[in-house]
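Just so you know, our numbering puts 102 at position 102 of the sequence shown, and the rest follows in order with no gaps.
Please note that a few of the clues may not be correct.
[Claimed, not checked] Label-pair distances were calculated between CB atoms; the ranges are:
no.: 1; residue 1: ILE110; residue 2: GLY292; range: 29 to 39 Å
no.: 2; residue 1: ILE110; residue 2: PRO24; range: 14 to 24 Å
no.: 3; residue 1: VAL48; residue 2: LEU268; range: 51 to 61 Å
no.: 4; residue 1: GLY292; residue 2: VAL26; range: 11 to 21 Å
no.: 5; residue 1: ILE284; residue 2: GLY103; range: 28 to 38 Å
no.: 6; residue 1: LEU301; residue 2: LEU253; range: 16 to 26 Å
[As the list claims (entries may be wrong)] Dumping the calculated PhoX-like pairs for lysine-lysine here, alpha-carbon to alpha-carbon at most 20 Å:
no.: 7; residue 1: LYS80; residue 2: LYS23
no.: 8; residue 1: LYS23; residue 2: LYS140
no.: 9; residue 1: LYS80; residue 2: LYS140
no.: 10; residue 1: LYS272; residue 2: LYS80
Don't read these hints as lab results, they were simulated from the structure. Ideal placement from N, C-alpha and C gives every residue a C-beta, glycine not left out.
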Amino acid sequence: MTTATMNPAALTADWRDFVALTKPRVMTLVVFTGLCGLLAAPGHIHPVLAFTAILCIALGAGAAAALNQWVEADSDGLMKRTANRPLPAGRMDRQSALHFGVGLSFFSVILMGLALNWFAAAILGVSILFYVFVYTIWLKPRTAQNIVIGGAAGAFPPVIGWAAVTGDVSALPIALFCLIFFWTPPHFWALALYVRPDYAAAGIPMLPVVAGERETRRQIWGYTAIMAVAAFAPVLLRLTGALYGTVALVATLLFAVLAFRVFSSLELDPAKMKAERALFRYSILYLFILFGAVVFDRWMLA
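Based on the sequences and whatever the hints tell you, model everything.
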């Protein structure tokens with residue numbers, strides 16, 4: 001039972017808590033990849049409609065995050081890094097979070113359908129449902145491979161952005177989907193290594209908790225190799241040109257160097273895991289760099 005459920009009189013939620021439910025820092029990358037998918041798409045879209053599409057992607061991501069926290073309120077209260085979120089901290093009741101998340105979900109999907117097209121709206125709806133039901137409710141509490149399959153939820157934004165312009169999906173947005181999908185495990189497991197005590201305390205079967213640090217490092221290295229192939233897929237398929245290829249080569253080599261440092265590390269103390277923190281931070285920058293390069297490359301080829 002959460003603090004909020006036990007003591008309703010203590011609730012002090014304000015607008016900042018509702019914003020916090022949307023995980024705005026995580027949303028930044030979601031919005032950026034969605035924007036890049038939109039800007040890389042062929043054809044023209046009115047700036048107002050483009051803004052509306054990105055707003056819908058942001059609202060959909062925020063809705064999924066809110067519902068995620070509604071489901072995980074109890075486990076969040078057991079982890080230091082999440083204990084101060086609105087629900088476990090007792091500033092908001094779970095019903096408010098549920099209503100907020102569901103309402104935002106419907107609003108984002110309906111607005112996308114009415115303003116842009118229903119194909120893009122359908123993908124947005126699927127991405128929200130996948131994150132909440134497949135990843136949060138089904139996979140995360142049951143299997144150490146949760147982030148591998150569940151990572152698909154975070155790979156939808158460039159596809160949605162592309163579909164908002166074109167009304168369909170072609171090879172490039174699928175390639176970008178695959179890039180995020182295979183990027184997610186090394187990105188997230190780098191974090192999971194140094195927050196392992198939190199996941200262990202909450203009973204969440206993340207890979208470092210279930211398989212240990214050595215196996216996690218090995219899988220980070222393995223998925224980095226797969227991710228590198230996905231990063232070069234747009235070039236190999238002749239969907240992008242030399243600009244993207246050059247940027248992808250340099251950025252991916254640096255990612256591989258950092259991933260190899262994690263693979264080679266024998267550090268067991270989460271407080272001293274500098275290589276893991278470096279990879280996690282760079283992995284976020286890596287996606288910004290590659291997606292930005294896709295957009296500029298497409299503009300140069302246009």
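For each hint, the structure was consulted:
1. Distance hint for ILE110 and GLY292: a CB-CB separation of about 31 Å, consistent with the stated range 29 to 39 Å.
2. Range check, ILE110 to PRO24: about 22 Å between beta-carbon atoms, so the 14 to 24 Å window is met.
3. Here the CB-CB span from VAL48 to LEU268 is close to 53 Å, well matched to the stated 51 to 61 Å.
4. Roughly 18 Å separates the CB atoms of GLY292 and VAL26, a value that falls within the hinted 11 to 21 Å.
5. For ILE284 paired with GLY103, a C-beta distance near 29 Å keeps the hint of 28 to 38 Å intact.
6. Distance hint check for LEU301 and LEU253: the Cβ-Cβ separation is about 24 Å, which falls inside the suggested range of 16 to 26 Å.
7. Note on LYS80 and LYS23: the hinted pairing holds, with a Cα-Cα distance of about 16 Å set against a maximum of 20 Å.
8. Of the pairs offered as hints, the one joining LYS23 and LYS140 holds, with about 18 Å between alpha carbons and a cut-off of 20 Å not exceeded.
9. Taken as a hint, the LYS80 and LYS140 pair is honoured in the structure, with Cα atoms around 18 Å apart against an allowance of 20 Å.
10. Restraint check for LYS272 and LYS80: satisfied, since their Cα atoms lie roughly 17 Å apart, inside the 20 Å limit.
Hint compliance for this structure: every hint is met.
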